[in-house]
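Chain order of the listed sequences is Z and S. According to my numbering, the first sequence is numbered sequentially starting from 666. According to my numbering, the second sequence is numbered sequentially starting from 666.
By construction, these hints were calculated from the structure, which means they are not laboratory data. Incorrect hints may appear among the rest.
Identical chains share a label here; the pair holds if one copy fits it or two copies do between them.
The calculated EDC-like cross-link candidates involving lysine to aspartate or glutamate, where the alpha carbons are at most 20 Å apart (straight line), are [said to hold, decoys possible]:
1) K800 / E726
2) K866 / E716
3) K672 / E716
4) K759 / E963
Number of protein chains: 2
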Amino acid sequence: MMFESKKISVHAPATVANVACGFDTLGFALSHPFDEMTLTLTDTGSVVISEITGGFDLPCEAEKNVAGVALLSLMAALDDKHIGFDITIQKNIKPGSGIGSSSASAAGAVVAANHLIGGKFSALQLIEFAMQGEKLASGTAHADNVAPAVMGGFTLVRSNCPLDVVKLPVPPNLYAVVIHPLIEVKTSDARKILKTHVSLKDAVTQWSNVGGLVAGLFMSDYGLIARSLQDVIVEPIRSILIPAFDELKQRCLSAGALGGGISGSGPSVFMLCDGLEKAQLVEKAMQAVYSQLAVSYETHVSPIGQQGVLVC
Amino acid sequence: MMFESKKISVHAPATVANVACGFDTLGFALSHPFDEMTLTLTDTGSVVISEITGGFDLPCEAEKNVAGVALLSLMAALDDKHIGFDITIQKNIKPGSGIGSSSASAAGAVVAANHLIGGKFSALQLIEFAMQGEKLASGTAHADNVAPAVMGGFTLVRSNCPLDVVKLPVPPNLYAVVIHPLIEVKTSDARKILKTHVSLKDAVTQWSNVGGLVAGLFMSDYGLIARSLQDVIVEPIRSILIPAFDELKQRCLSAGALGGGISGSGPSVFMLCDGLEKAQLVEKAMQAVYSQLAVSYETHVSPIGQQGVLVC
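Whole structure, please, built from the sequences with the hints as guidance.
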């Protein structure tokens with residue numbers, strides 16, 4: 666079987682996993698930053714990563730690259746073993762930032778590939794393929810970043826195995842502000858410091874807040890969203906890895922943020938805001954705190970990304 | 666100040682707390698069974714429980730009766746210290762059944778009283794008053810039964826202190842089936858056998874299911890509701906107190922129940938069903954299991970009670 670040369674470009678967005686109370690289950694997509702990826706359909710039965718730009722030290726061998734592994738997983742599910750892909754990646758989301766850099770590559774690759782082969786796979790299947798890329802990056806096949814990257818908006822991963830993902834509504838006018846302190850926090854290390862057991866009392870608090878946050882999203886109830894954005898289990902432990910976390914959070918809340926916390930396993934910190942104006946004030950508050958520290962950083966202000974991976 | 670004699674009668678419904686995954690946070694009201702209560706406004710500044718019928722051994726002293734304590738709590742929030750109430754209670758919900766018998770009395774009393782004094786208090790305030798009655802009954806002031814009794818439908822208690830209750834939507838055609846094995850399980854005992862700590866892994870599973878269940882209610886997604894009705898934390902421990910729990914649950918699921926679990930702290934077991942017909946099949950399955958046991962029981966089939974306490 667012969668293929669005509671087919672090519673597609675996508676924007677694969679950054680994502681915020683955990684979302685305060687929803688450790689290992691909630692996540693949402695940003696509109697930007699995003700990786701720019703171009704895939705070309707080939708008949709080689711293999712994945713060739715022909716170029717990665719952006720200045721990061723990322724492997725081009727398919728088996729060692731999250732996008733490559735995600736694609737190989739997709740290809741393994743195809744009957745036609747001649748199908749292959751060439752990829753170029755303009756990497757804009759810094760690896761290790763805690764805003765789903767590896768998930769963006771994995772999700773972007775499989776969504777683009779699925780377009781090239783006529784939309785053969787469901788969103789859920791694409792998430793499963795992308796999770797294989799995630800597994801390479803973090804050691805565990807979690808869906809809390811790849812799910813919002815593929816589906817857009819807010820997602821709830823009810824179960825990883827069997828995979829069960831719920832797309833949640835996004836209230837109008839909801840913005841995210843992210844600060845990325847340019848320090849390294851490895852996902853595997855951030856996971857190691859967590860306690861294996863938690864008090865039932867804290868667990869009840871946490872799942873009450875998860876229920877409140879999900880309800881708040883459905884009801885576009887910003888007050889309820891704000892009250893529910895509390896993490897009594899993971900944040901008290903992981904926040905010690907993030908410079909000036911408590912002051913940062915307090916200043917953001919004072920500046921009008923609904924609430925927030927650690928993005929994924931950090932070091933990025935996110936805040937949700939009702940409207941662009943408040944989001945910009947919160948960004949300024951973040952900058953005010955970090956400009957006092959000897960830590961480089963960058964900030965992003967973005968609406969919640971309704972689309973996930975976007976075909977250009 | 667003088668009062669004209671004012672009287673009101675209400676139906677105060679049974680409720681199911683916890684709802685599988687939502688220990689100490691979720692609850693819903695049934696349409697029946699319900700207690701029948703009649704309150705008369707007086708100018709004595711006191712609560713007189715003039716009659717309790719139904720054949721149970723319940724105290725008539727206001728300070729020892731959950732309805733009395735709830736009313737005294739409401740009265741303490743009034744400026745006018747002459748306001749008092751006479752109550753008669755036809756108790757239909759068996760005490761100790763695990764379907765919110767004490768909550769029904771407490772909620773019915775304060776909702777009825779509030780009508781008599783012109784609706785001075787909000788639903789949230791009424792829940793707080795009723796919680797004082799609950800405290801008398803179970804030792805802790807939880808809102809997971811009184812909230813649905815006062816507000817109707819499904820409720821999420823996001824926080825007990827400060828009290829924050831979210832009313833969740835009820836999918837059309839949702840029925841509950843309850844079996845009450847006529848054995849005694851004290852709430853305080855059922856609480857004592859719980860572990861004080863749980864694994865983070867189980868906690869994540871639990872709050873993912875809480876999120877899924879809340880989303881399922883908003884989306885009227887019966888499949889998602891069914892998949893989310895899982896309790897990996899409390900049910901494995903408390904179910905040992907309930908005769909033939911595993912077989913009962915399995916038979917109910919086979920008969921078409923969406924899912925279910927222990928109602929409150931037991932011994933009642935509830936199942937949710939999509940439609941009356943399935944609910945009746947599930948009731949038959951429950952009866953088939955319990956007719957083999959040397960345990961008396963009763964069953965109830967009811968739509969979810971949209972109203973909560975109902976003024977007759």
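These are the hints, each one checked on the structure:
Taking identical chains as interchangeable, the C-alpha atoms of K800 and E726 lie at most 20 Å apart only when both belong to the same chain, with a minimum of 16 Å there against 64 Å between chains. Taking the shortest alpha-carbon separations for K866 and E716, neither the intra-copy value of 50 Å nor the inter-copy value of 39 Å comes in at or below 20 Å. When the C-alpha separation of K672 and E716 is checked against a cutoff of 20 Å, the pair qualifies only within one copy, where the shortest distance is 15 Å, while the shortest distance between copies is 81 Å. Taking identical chains as interchangeable, the C-alpha atoms of K759 and E963 lie at most 20 Å apart only when both belong to the same chain, with a minimum of 10 Å there against 62 Å between chains.
Checked against the numbered hints listed earlier, the structure breaks hint 2 alone; every other hint is satisfied.
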